[in-house]
Amino acid sequence: MKNESMSRALALGFFDGVHAAHRAVLKAARDAADTQGCTAAAVTFDLHPAAALKGEAQQLVQTLADRETAICREGRMDECIVLPFAELRNMEAETFVEQILLDRLHAVSVAVGYDYRFGRGGRGDAGLLQHMFAQRGLSCTVVQRMDFDGEPVASCTVRRLIAEGSMERVREILGRPFGFSGEVCHGKSLGHTLGFPTMNVPMPEELVTPPAGVYTALVTIDGVTYRGVCNVDRARLSETFVFDFDRNVYGQSVRVELLSHRRAMKKFEGWDVLARQVERDKEDARAWFASEKHL
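For the sequence shown, the numbering used here assigns the number 1 to the initial residue and increments by one for each residue that follows.
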């Protein structure tokens with residue numbers, strides 16, 4: 001975190017996915033910061049509040065690192081402030097505003113979504129923020145609900161679509177593919193055995209699990225993005241055959257993005273049957289990429 005004594009225009013939210021509605025909140029904070037000549041900052045939590053309160057595993061669109069990157073890059077924030085949810089979960093809403101937003105972070109304005117909740121038991125809402133900020137002559141911008149083809153632009157919508165395998169729809173709502181980064185690891189070497197070596201990258205545990213099966217995919221290695229076909233198994237291991245790439249990158253960090261769910265996972269009667277199916281998957285993926293609408 002940067003110097004806490006500076007005045008800030010704050011965007012508040014968990015921002016999982018940093019979708020269009022999130023970006024509207026971030027833009028409101030950016031505009032306020034530019035108008036008032038102060039720092040634009042996003043304030044989020046390290047853990048998803050609902051999952052933490054229920055004691056459930058997180059099922060997110062992005063890792064914390066990806067969320068911070070997207071907030072700053074796509075939301076044009078000067079900084080992203082990550083608060084420890086465990087330490088603040090029992091803080092009363094008014095105390096959170098006074099001690100954290102005003103005293104500690106020196107907020108001169110705040111922007112939130114219409115459904116933003118905060119404080120003990122989620123009692124605080126946009127109305128309370130507007131009231132408390134207005135009392136001090138400060139502004140609070142509330143961004144109203146956004147819809148896309150009849151569905152709310154919301155993180156829960158994106159998580160459901162990922163779990164359904166609707167990756168095209170996910171891309172439309174997020175403005176980018178669902179993706180994750182990880183280190184290329186050794187697998188069972190089945191790809192080498194069948195003549196199509198793959199890059200094996202485990203999905204981060206906190207992310208929502210897409211259906212097991214075959215996807216068209218992009219893989220970014222050393223800043224260069226390649227096309228490929230990816231199998232995601234039930235153990236959340238992604239195995240991607242990358243077109244026109246033959247380097248050994250074991251132990252290297254790469255990024256995998258899933259574009260389209262092509263077929264479900266199924267069992268095969270023998271290696272020859274599996275090899276023929278893999279060739280069909282590769283041909284299908286190349287045809288998909290060659291289609292004009294996917295360029």
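These are computed hints drawn from the structure, not numbers from a lab.
Bear in mind that the values here come from a model prediction, so they are computed numbers and not experimental data.
Just so you know, even glycine gets a beta-carbon here, dropped at the ideal spot from N, CA and C.
Where hints are given, some of them may not hold.
[As the list claims (entries may be wrong)] Quick list of simulated restraints, FRET-style, between CB atoms: (1) Gln277 to Val224: 24 to 34 Å; (2) Val273 to Gly122: 15 to 25 Å; (3) Arg234 to Arg276: 21 to 31 Å; (4) Arg123 to Lys266: 43 to 53 Å.
To see whether the hints hold, each was checked on the structure:
| no. | hint | result |
| --- | --- | --- |
| 1 | Gln277 to Val224: 24 to 34 Å | holds, 29 Å |
| 2 | Val273 to Gly122: 15 to 25 Å | violated, 53 Å |
| 3 | Arg234 to Arg276: 21 to 31 Å | holds, 23 Å |
| 4 | Arg123 to Lys266: 43 to 53 Å | holds, 49 Å |
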